[in-house]
Structure formats: C-alpha cells, structure tokens
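Line order of the protein sequences matches chains A and B. Just so we're aligned, residue 1 is where the first sequence starts under the numbering used here, counting upward by one. Just so we're aligned, residue 1 is where the second sequence starts under the numbering used here, counting upward by one.
Hints should not be assumed to be uniformly reliable.
Below, computed lysine to any residue pairings styled on SDA-like, alpha-carbon distance capped at 25 Å [unchecked claim]: (1) K223/B - K24/A; (2) K171/B - K308/A; (3) K352/B - E326/B; (4) K308/A - T315/B; (5) K56/B - L43/B; (6) K24/A - G255/B; (7) K79/B - K112/B; (8) K171/B - Q265/A; (9) K384/B - A298/B; (10) K171/B - G129/A; (11) K171/B - D156/B; (12) K171/B - Y48/B; (13) K171/A - P9/B; (14) K11/B - Q265/A.
Selected chain B positions facing chain A (in silico; Cβ < 8 Å) [unchecked claim]: (15) R216; (16) L221; (17) A243; (18) L299.
Derived by calculation from the structure, the hints in this document are not laboratory data. We put the beta carbon where it would ideally sit given N, CA and C, even for glycine.
Protein chains: 2
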Amino acid sequence: MQNFVFENPTKIIFGKGQIPKIGKEVSRFGRKALLVYGMGSILKNGIYNQVADSLKKAGVDFVDFPGVKSNPVLSHVQKGIALAQKEKVDVVLAVGGGSVIDAAKAIAAGVKVGHDIWDLFTFSQPVTGALPVLTVVTVSASASEMNNGAVLTKEDGCQKYCIVSPFIQPKVSILDPTVLFSLSPGYSAYSAVDVITHMLEGYFNNTAFKTPIQDRLVESLMKTVMESTDIIMEEPDNYSARANMMWSAILGFNGLTTAGMGRVQMPAHMIEHSLSAIYDIPHGAGLSIVLPAWMTWALETKTERLAKFAREIFTMKGRGSKAVAEKGIACLKLWFESIGSPVSLKAANIPKNDIDKIAENAFALSQVWFYEGYSKEVIIQILKNAC
Amino acid sequence: MQNFVFENPTKIIFGKGQIPKIGKEVSRFGRKALLVYGMGSILKNGIYNQVADSLKKAGVDFVDFPGVKSNPVLSHVQKGIALAQKEKVDVVLAVGGGSVIDAAKAIAAGVKVGHDIWDLFTFSQPVTGALPVLTVVTVSASASEMNNGAVLTKEDGCQKYCIVSPFIQPKVSILDPTVLFSLSPGYSAYSAVDVITHMLEGYFNNTAFKTPIQDRLVESLMKTVMESTDIIMEEPDNYSARANMMWSAILGFNGLTTAGMGRVQMPAHMIEHSLSAIYDIPHGAGLSIVLPAWMTWALETKTERLAKFAREIFTMKGRGSKAVAEKGIACLKLWFESIGSPVSLKAANIPKNDIDKIAENAFALSQVWFYEGYSKEVIIQILKNAC
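Chain A on its own, in the form it takes in the complex (with noise of 0.2 Å):
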C-alpha cells in the first residue's frame, strides 16, 4: 500500500422520502440557489416539484438553470456563470445525473475566476474556489455526487477534459433510489459500465499493486454492481437492486477504492472521452466499447492481473494465467453486450474509417492528463481491438 490522503466530507442523505430535505440543506449555505437540471425529465416525474417546494419552504430563493445535455458543453454552462452571477446566487443546486452535477460544479468553480473558465480544464489554470455546491442525484454513475471532479466538453475541437479540485466537491448530496425506477434500460446498463469501469481502471492500472483490502472492495462493488444491473434489466422497480447500484456507484469513484493504490491512469476514460466528444454517445456506451479493447491489448503487459480479474469476478480457472484471463475479457464482452451496452465501435455506429481521428482526439487528452505510454499507434492499436 502506498501512501495517500482520504478526505471526502460530502454529507449522504440516501433512501426512499428523502428529496424534501434538500431545502433546509441547501439553507445552511445560502438563500438563493442556481437551480440547475437537464432536459426537462424532472418536470414531467415531480421531482422538480419536490425540489422547489423544499426551497420554498426553507425560504431559499431560487432561479432556474435548465437544459443541461448529456456530455455537457462549455458554451452552456458559459451561460450558466453568466446567469449565476447576474443573480448573485450563493449556491449551486444540481437536480440530475453526472452531467447536470458536472456543469453545476464548473459553474460554482467557474464563478469565481475571471478569466477563461477552460483554463481549468486543461490545467493552465487552477481552481481557487467555487460556490458550495449541494446534488440531488436522479442517475447513479458518475459519483459526481460525492467526489471533486467535473468533466465538460469544449464544442470546438471535440475536446472532453476535466477539473479535480476539493472546492467542487458536493456538500450534501440526496439519493432516492425511487428515482431510478424510470431509468431506461439502456441509460441503466450505461450507469453501470460506468460504475464498473471507474473501478477496474484503478484495479489493472495501480502502481502499488500489494492492495488486498481495495482489490476486495472492487471485486465486492463489482460483483454487487452486476448482479443489482441483472435485477433491474428485468425489474426496473425493485428498490434493493436500485439502492445497492446506486451506494455501490458512490464507493465505486468517491476515492475509497483507489486508497493506497499509488498513481492510477484512467487509459479507457482518456479514449472513451473521444468517443463522445466527437460522436456525442452515452459515457457508458463508449466504455463499454474501449475497455474490452483496452484489456485485449494490455493482456502481454498485465496478465496475472487480468487473470486475477477473471478468477475473482467470473470465477474461471485454468493452468495459463493468459488463457484464464483472455476468458476474462471474453465474459465481460458478453455481459456488457446482455445487459444491452456496445462492445465495438460497429455497434454504436463509429465507422472504422475515423479510427485516426479518434486516436489523434485521444492523444492530445493524454498530454493533458500526462499520460506516459499512450502514442497515436498505442490508441490505434487499442481502437483496432474495437473492430
């Protein structure tokens, strides 16, 4: 175990009923609120009522920020800061999934700055503060809700970057899993690639490598993870599946997992970031596709720890550690493609012909993230595996 430092003092208000304390929250940090949320879903399932009448009670005063998409743009949450400072709000409230949260954290961060917000995103700039930042979560996979990252897309040139900073981490977050009884099958098999592929880039890409207690809390998240998405896929309403997705989400990416594990890259998510940069796909979709890829490719350099995987997760035995871990990658494949979720980039419609775009996108977020070993030919490589 190497060293580290975990501090993630995120308040978690989690259970059925629990929507309507979110004004007295959000009261104990301010008394107007930049409420921001999507594409309207909140009005239609009366969570948006629940939220503004909790306000109004709690004599919050409130303006609405609507219109957040999935993979969340610049140029929008540019109007958000605008917005936000216009109306001196004190506090930024997120009503949705990863993207809603996302853009309320670079609002809240991006208030304070006076220069161009996506300094920050591509680390030329630092974030010195932000607006306290409260979530009520209504998609479970991101772990935004309890963690300081925010990821935002820059329109012009495709470029999908993020900001890590404790300023943006969500003071107190809500989960009703109720909420996530009308998820659709798709965004719920996409929630949870996600929560699994947050947790095995740490697992395959660790620089400690002796972490016996966070490799069983991976297996152990992931297994839950897998059998709560099995559930769902047939009973979108059972409320145990739901909630064990939804906390395992939170453990998944709140920092838990990779205490200890030393430096940990997130090559799938770098490629990934691509994928739905330029073709605008779920998150979860593009993971789904590149980490299989991914795993083919580093079977060589990582293969008693794929094997490991294989052995843990899909309980597969056998004498050669890179048989045992090519029927590893093999399972995943399949059950990501069970529960509806691509595992080539044929199947989310990317032809084969952009491969070189892709790579060249992905490569330059790798200088961001510095992240050594990852050429154009390495992502072409990985990106080939895809076909």
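Place chain B on chain A using the hints.
Below, chain B without anything else, positioned relative to chain A:
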C-alpha cells in the same frame, strides 16, 4: 437497504513518514494544544519527539497530559478537563490508540460542559460541543480516529459507557503503519479481534438484511484482517500487512459497513464492557471470549446469518444451515486461539462464580443502550457458553 445518512469528514493522512505533518494540521485549528498520551511508550519509541518537533515548527504551543491507561477512566479524564480549562487550550491532540483517543474526545467534550461529564455517558445530557480533536494513531483497532464515538470507564460502579456525537469526530488523523511494528503480539491479536467484532456485530444484528454490498464489504475486510494478522504474527514488521490492517480497522468501524443496515446492536460489546470494566482485561481479549459465546446463543434465532458467515469466511459447506453455522463458530474460536486471544472466561482468569455479577453489570448497560432482549438471565446464558 434502509435509509441512512453518511457523513465522515475526518481527513486521513496515511503512510510512512507522515507524522511530522501533524504540527501544520493542528495549527489550522488553534495555537495551543493539549497533548494527550498514554503510559509513556511514545517517549521511548521516538514518536513523542516527532510530534513535539512538528508542533514547535508550526508555532503551536502545547501542554502534556500523559497517563491514559488502557480502558481509560473518568477520574483521569476529569483531570484532563481541568488542565485544558486552566491552560485555555484550543485543540486536543491524541497520540496513542483507542484509549488515548477516546480520553481525548471526552476531554474535548467535557471542556464545554458545566455539569458532571458522566451525564453525557448515561445519555442524560447531550453533547453540545467540543474542542477540535486531532490524532496520531499508535494502535489500530477502535477506529476512534475516524468515528464519532468514545468509551470511558467510571471506576465507581465499574461502568464502561460511551458517547456518540459529530462534535468529537477527529478533524485529522495521521496513521503511519511503521509505528505498529513494535506492537506486542498480544495487542496485535486483540486489535484484530476488536476490528472483526465491530464488523460482525453489524453483520449479525442489523434490521435490513438485504444489504449485499455491506455484507461483501464486511467479508472483504474480515478476510483481509485475518490474512494480515497471520502475517503480522510471523513478521511484526511486515509493512504491507500492518498497512492493510490499519486501513481495514478504520473501514470496519467508520460507518461504512453499517450504512443502510438499519438499526445495529452490539451485544458482544455490551457484555464485554463489563469484563474489561471489572477485570481490566484488554477489550479485544474480552471480545474473543464473548463473541463466540454470543454466536452459540444466537444459533437458533440467527441460523441463516451465522451459516452465511461460515460459508463466506471459512468456505464451510454442508447440508443443514445449523451444522454449517456451528462449524463457523468453531473455526472462529480456533482462529482467535491461534493468534493468542482467549476464548473462555477461564483463559482470562475470570472465575465462573462471577457470572452473576458480570451479568448484573452488563444488564445495567443494556438499559442505558435501550437493548431489548438482553435480560440478566439471557446474559447469564451467553456467559455460560464461555465456560
């Protein structure tokens, strides 16, 4: 899964060479600290000097308050409160294990009250504030370094009671696994028993029971604690084993494993408190006596849960759940004995004739904790299983 609130803001700084960071962390909370420690081992092993130098470099003044004994007592804490008030300290820094941290927490809370501090422990008065508490951990077991509880013994009446409040949650805890290298085999074993019992109480005594992720976390942590302790018994200075144990101890009792489990009772702790209050034996030694005795008592009412434990932890198989459960209890006793922790009253030199007196004492605590189902007769039955 049942509704829950999870909030654990303690900053953990983990790893070798981290103790010199304590001064800077303390200085974020005040300029004068009460330095609480135990019977002087930190003076011999150099930790005191590391802490004192770090405080001086950070410009933090400090007053020593040594002498906390294992199973810390009220009279000593009262002296600490008087000293803290007289010296007008604004921070309490604990350097030690669970006893020292608990004493520091009690002092931090006690400074703020005008009435008898014991009223907090009988729950007749609420904790309404506390000085900031920081810790440097030298024994890993209680997880007090990352939770909101503290246990104290009132010598008059042999009452070993607790307080629970967010005010006493440590702000920062520094954990360097190398300080555990010199921990005796006995205390290394008792620590493992304590960590395991914290988790198993929740595993056996929760009211939700549809908690696959929590169950898997407990099983993962328990396997890691057992595996690490077996290594530690052979190689006390194995860094990886000590580090995995140190981190598992925290995760086992910082609220993570019980989130969503609903109401959790800790009957083995309740009864053990009487053993260590009356006979001043190490807490872990008392737990390895009481826990298997309690499990034997629970065999009829919690058969399935005990069988699950046997299957998951000891890979026990068999037709009847009760037979499997019995094998699990036997294995646990065997393992406790193998690391040198007692599994009978006799092994701890506690006379069988005292059972009535012990049960009387434990029953009084069951009333303070509002535990139903633990009459004096029931407690006698459990204790007889430890003969």
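Structure-based check of each hint:
For the given pair, K223/B sits about 41 Å from K24/A by alpha-carbon distance, which is inconsistent with the 25 Å threshold. Of the pairs offered as hints, the one joining K171/B and K308/A is violated, with about 37 Å between alpha carbons and a cut-off of 25 Å exceeded. Taken as a hint, the K352/B and E326/B pair is honoured in the structure, with Cα atoms around 24 Å apart against an allowance of 25 Å. For a cut-off of 25 Å, the pair hint linking K308/A to T315/B stands: about 19 Å separates their Cα positions.
Between K56/B and L43/B the alpha-carbon distance is near 17 Å, which keeps this suggested pair within the 25 Å criterion. At most 25 Å may separate the alpha-carbon atoms for a hinted pair to count; K24/A and G255/B meet this at roughly 24 Å. For a cut-off of 25 Å, the pair hint linking K79/B to K112/B stands: about 14 Å separates their Cα positions. Taken as a hint, the K171/B and Q265/A pair is broken in the structure, with Cα atoms around 30 Å apart against an allowance of 25 Å.
With a CA separation close to 13 Å, the supplied pair K384/B and A298/B stays within the 25 Å bound. Between K171/B and G129/A, the direct Cα distance comes to roughly 21 Å. Compliance with the 25 Å bound is thereby established for this hinted pair. In summary, the hint linking K171/B to D156/B is not supported, as the alpha carbons are separated by about 32 Å, beyond the 25 Å threshold. Annotation: proposed proximity of K171/B to Y48/B holds, straight-line Cα distance about 20 Å (limit 25 Å).
Note on K171/A and P9/B: the hinted pairing holds, with a Cα-Cα distance of about 11 Å set against a maximum of 25 Å. Between K11/B and Q265/A the CA atoms are separated by roughly 23 Å; this keeps the pair inside 25 Å, and the hint holds. Hint status for R216/B: holds, given a least beta-carbon distance of 4 Å to chain A, under 8 Å. The closest approach between the C-beta of L221/B and any C-beta of chain A is roughly 7 Å, which is under the 8 Å cut-off, so the hint is satisfied.
Interface hint at A243/B: satisfied, since its Cβ lies 4 Å from the closest Cβ of chain A, which is below the 8 Å cut-off. The beta carbon of L299/B comes no nearer than 27 Å to any beta carbon in chain A, farther than 8 Å, and the hint placing it at the interface is violated.
Checked against the numbered hints above, the structure breaks hints 1, 2, 8, 11, 18 and satisfies the rest.
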